[in-house]
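> Sequence:
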Amino acid sequence: MGKQTLNDLRAFMVVAARRSFVQAAGELGVSRSALSHAMRGLENDLDVRLLHRTTRSVSLTEAGERLLARLRPVLSDLDHALDDVAREDEALRGTLRINGSDGAIRQLLQTAVPRFLAMYPQMELDLVADGRFVDIVAEGFDAGVRLGEAVPRDMIAVRVSEDLRFVAVASPRYLRKHGRPAVPDELQAHRCIRQRLPSGKRYRWEFARHGQSFTIDPPGALTMDSNTLMIEAALEGLGIAYVPEPYARDAMARKRLVAVLSDWCPLIPGLFLYFPGSRHIPAGLRAFIELVRQLPGSESTPST
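The numbering of the sequence shown is full-length UniProt numbering, which starts it at 1 and goes up by one.
Everything labelled a hint here was simulated from the structure, so no lab data went into it.
It should be emphasised that the depicted structure is a prediction, and the values quoted were computed from it without experimental measurement.
Each residue gets a CB set at the ideal place from its N, CA and C atoms; glycine is no exception.
You may find that some hints are simply not true.
[Unchecked claim] Computed Cβ-Cβ distance ranges for the label pairs, DEER-style:
1. Leu6 - Arg286: 19 to 29 Å
2. Gly26 - Pro121: 38 to 48 Å
3. Glu62 - Arg204: 23 to 33 Å
4. Pro73 - Asp250: 43 to 53 Å
Turn these sequences into a full structure, and let the hints guide you.
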């Protein structure tokens, strides 16, 4: 590196940020003359002018701009590394905030959450089940968990569940009275329990088989905004519901609901935990990610 020290480089970054020796010296707790002397020494050591000085202000030269751009990520990574080492032997503590759909949060509760809380008793989990799709960074969350097709493209994603499918289900009583549809088009003659998305739009049912795909806005007198309540309505014989399979699995196993159009319900990407790859990952989130990666079938990939 030469004679320059980390303190000199950090001081340079403060001068570059404040554009003032007086303000930078006050922030660093040194005299203006000592700071100016340090910057002269840094320039002499590098044999390049980094700063334009006037009686009232300081600005960066082209070389100074290049050095600043290179220093920011390097010193940020160094700070994170030192922080990690300092905390390595300490128990994890703090709060981890995760946003997801109701079904996604339920999946975490059945898998990673119990182990995480047992392993890290000083950590707190703030799990927010939200029908809205939110910007996790803007709203202060450490991570989100959603279906793979909904994960933003610039996020790192870790699989939480296997691929899943939506299923069309109805009660035996309903099917005895109204018949069983054999192809998606026949839903037009049925009572369907429709779903209202958080955006206000109705969810359109998607089917595919042998290269053919259909998107249907089904008819029906009942519209709801909860998969759980749609299952309840189907159990009451009020129509055919189209929901993620996990919501209907128990009722189907007990023969209280019957799947229809099964051949037309393809697999889709399952649930993924996602987080921004462009910022430092807190130790608590790193520990949670490692637990999720240990789940059966998990994998980590940038969203594409």
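> Indicate, hint by hint, whether the structure satisfies it.
Right, here's what the structure says about each hint:
| no. | hint | in the structure |
| --- | --- | --- |
| 1 | Leu6 - Arg286: 19 to 29 Å | holds (25 Å) |
| 2 | Gly26 - Pro121: 38 to 48 Å | holds (43 Å) |
| 3 | Glu62 - Arg204: 23 to 33 Å | violated (55 Å) |
| 4 | Pro73 - Asp250: 43 to 53 Å | holds (49 Å) |
Checked against the numbered hints above, the structure breaks only hint 3 and satisfies the rest.
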